[in-house]
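Q: Just so you know, the protein sequences line up as chains G and S, in that order. Numbering-wise, the first sequence is residues 3 to 177 according to my numbering. Numbering-wise, the second sequence is residues 3 to 177 according to my numbering.
Hints are supplied without guarantee of correctness; some may be wrong.
To be verified - Cβ-to-Cβ under 10 Å is the rule here; a few derived chain S residues that face chain G:
| id | residue |
| --- | --- |
| 1 | P21 |
| 2 | P30 |
| 3 | L32 |
| 4 | V42 |
| 5 | F65 |
| 6 | I77 |
| 7 | F79 |
| 8 | L81 |
| 9 | Y90 |
| 10 | F95 |
| 11 | H109 |
| 12 | F157 |
| 13 | K159 |
| 14 | T161 |
The hints are simulated quantities; they were obtained by calculation from the structure and are not laboratory data. Keep in mind that this is a model prediction, so the values were computed, not measured. Ideal placement from N, C-alpha and C gives every residue a C-beta, glycine not left out.
Number of protein chains: 2
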Amino acid sequence: MLEEKIKSVIRDVPDFPKPGILFKDITPILHDHKLCSEIVDAFAEKLSESKPDAIVGIESRGFLFGFALANKLQIPFILVRKAGKLPYKKIAFEYSLEYGTAKVEMHEDEIKKGWNVLIHDDLLATGGTAEAAAKLIQMQGGNVSGFAFLVELEFLKGTEKLQQYSKNSISLVRY
Amino acid sequence: MLEEKIKSVIRDVPDFPKPGILFKDITPILHDHKLCSEIVDAFAEKLSESKPDAIVGIESRGFLFGFALANKLQIPFILVRKAGKLPYKKIAFEYSLEYGTAKVEMHEDEIKKGWNVLIHDDLLATGGTAEAAAKLIQMQGGNVSGFAFLVELEFLKGTEKLQQYSKNSISLVRY
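Between the sequences and the hints, there should be enough to build the whole structure, so can you do that?
A: Listed below in structure tokens is the structure:
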């Protein structure tokens, strides 16, 4: 089963980025091209009945499978980046973190009105960044058609926060 | 011709990230899945006679075509990230910028001794970051088999700096 296979490759790193957090390191997956292609295929299959018009990938690990999936589905790929990284005219959304705030940006001409846009990141934790990506899509007149994560940390209840944007949320691996 | 096609899609953004710099924005390419797949195919074709054992991609735009190319060639993909981002045991290399320094890191168990490793980034400017990636590969006993860039700014003479690591440097687009 794909979930078990992915779990057997993900590496637990204790106390990163700070004491008490058990970090799920996905980088060993990237050494296994067969597993990578199974992951892309699994996302594509789950989207086969409602193919989005574009995929938004969140910097920077969301660029990996997000771009691969967009190419597989033959649709545009759009970057959501941390503040100050995108060069052209852009829109921004600021959101709260445990301590302080974070800001993400998207180029302003990326999404056509009415497009159904899928949001991808490698990991869903509390959902703050994915929610910010949803806001950026809506600010441009797009619809959030769903979310696709490689890993979801269920105990952080990120999908609860995201369901007001779309009830379609795919996670290949859950902890 | 592929170079002309890519050039027609790249967007010039004046005065980014600072006054006087004409930034080459590759994000419009990501909207064109056909062009994206032609780019991956062009890299793969140029590497067909000396397929590397792995590809190192430089954060974060180097994750896009780097990962796509690694999957196409069916070889491992390895991340070089800015300091503090990788969770596991890692090695670091610090290098000089115009003002100050920058540090990049790689997990310490990523490269097997004797592996021929290709370095990819979207854009070659002065070559400082690509050189740092080369150092990280050599620190782990790997060989730098070559470099692959989507865009090269020839007037900054990055390839001169890199040729001590490998004389094989591919750039699909040159300015």
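Q: None of the hints should be skipped; say for each whether it holds.
A: Evaluated hints:
Below 10 Å, beta-carbon pairs count as interface contacts, and P21 (chain S) has none with chain G, the closest being about 13 Å; its hint is therefore violated. Taken as an interface hint, P30 (chain S) checks out: its beta carbon lies about 9 Å from the nearest beta carbon of chain G, inside 10 Å. Annotation: interface hint on L32 (chain S) holds; nearest CB of chain G at approximately 4 Å, less than 10 Å. For V42 (chain S), the interface hint holds, since its Cβ comes within 10 Å of a Cβ in chain G; the closest pair sits about 8 Å apart.
Here the hint on F65 (chain S) is kept, as its CB sits about 4 Å from the closest CB of chain G, short of 10 Å. Annotation: I77 (chain S) was flagged as interfacial toward chain G, and the flag holds, the nearest CB pair being 6 Å apart, inside 10 Å. A distance limit of 10 Å between C-beta atoms decides the matter here; for F79 (chain S) the minimum to chain G is near 4 Å, and the interface restraint holds. Among the interface hints, the one on L81 (chain S) holds; its C-beta lies about 6 Å from the nearest C-beta in chain G, closer than the 10 Å criterion.
Annotation: Y90 (chain S) was flagged as interfacial toward chain G, and the flag holds, the nearest CB pair being 5 Å apart, inside 10 Å. For F95 (chain S), the suggested interface contact is broken, since its CB lies about 18 Å from the closest CB of chain G, more than 10 Å. The criterion of a C-beta within 10 Å of any C-beta in chain G is met by H109 (chain S), whose closest approach is roughly 6 Å, and the hint holds. Because the closest C-beta pair between F157 (chain S) and chain G is about 19 Å apart, greater than 10 Å, the hint is violated.
For K159 (chain S), the shortest C-beta to C-beta distance to chain G is roughly 23 Å, which exceeds 10 Å, and the interface hint is violated. Annotation: T161 (chain S) was flagged as interfacial toward chain G, and the flag is violated, the nearest CB pair being 24 Å apart, outside 10 Å.
Comparing the model with each numbered hint stated earlier shows that hints 1, 10, 12, 13, 14 do not hold.
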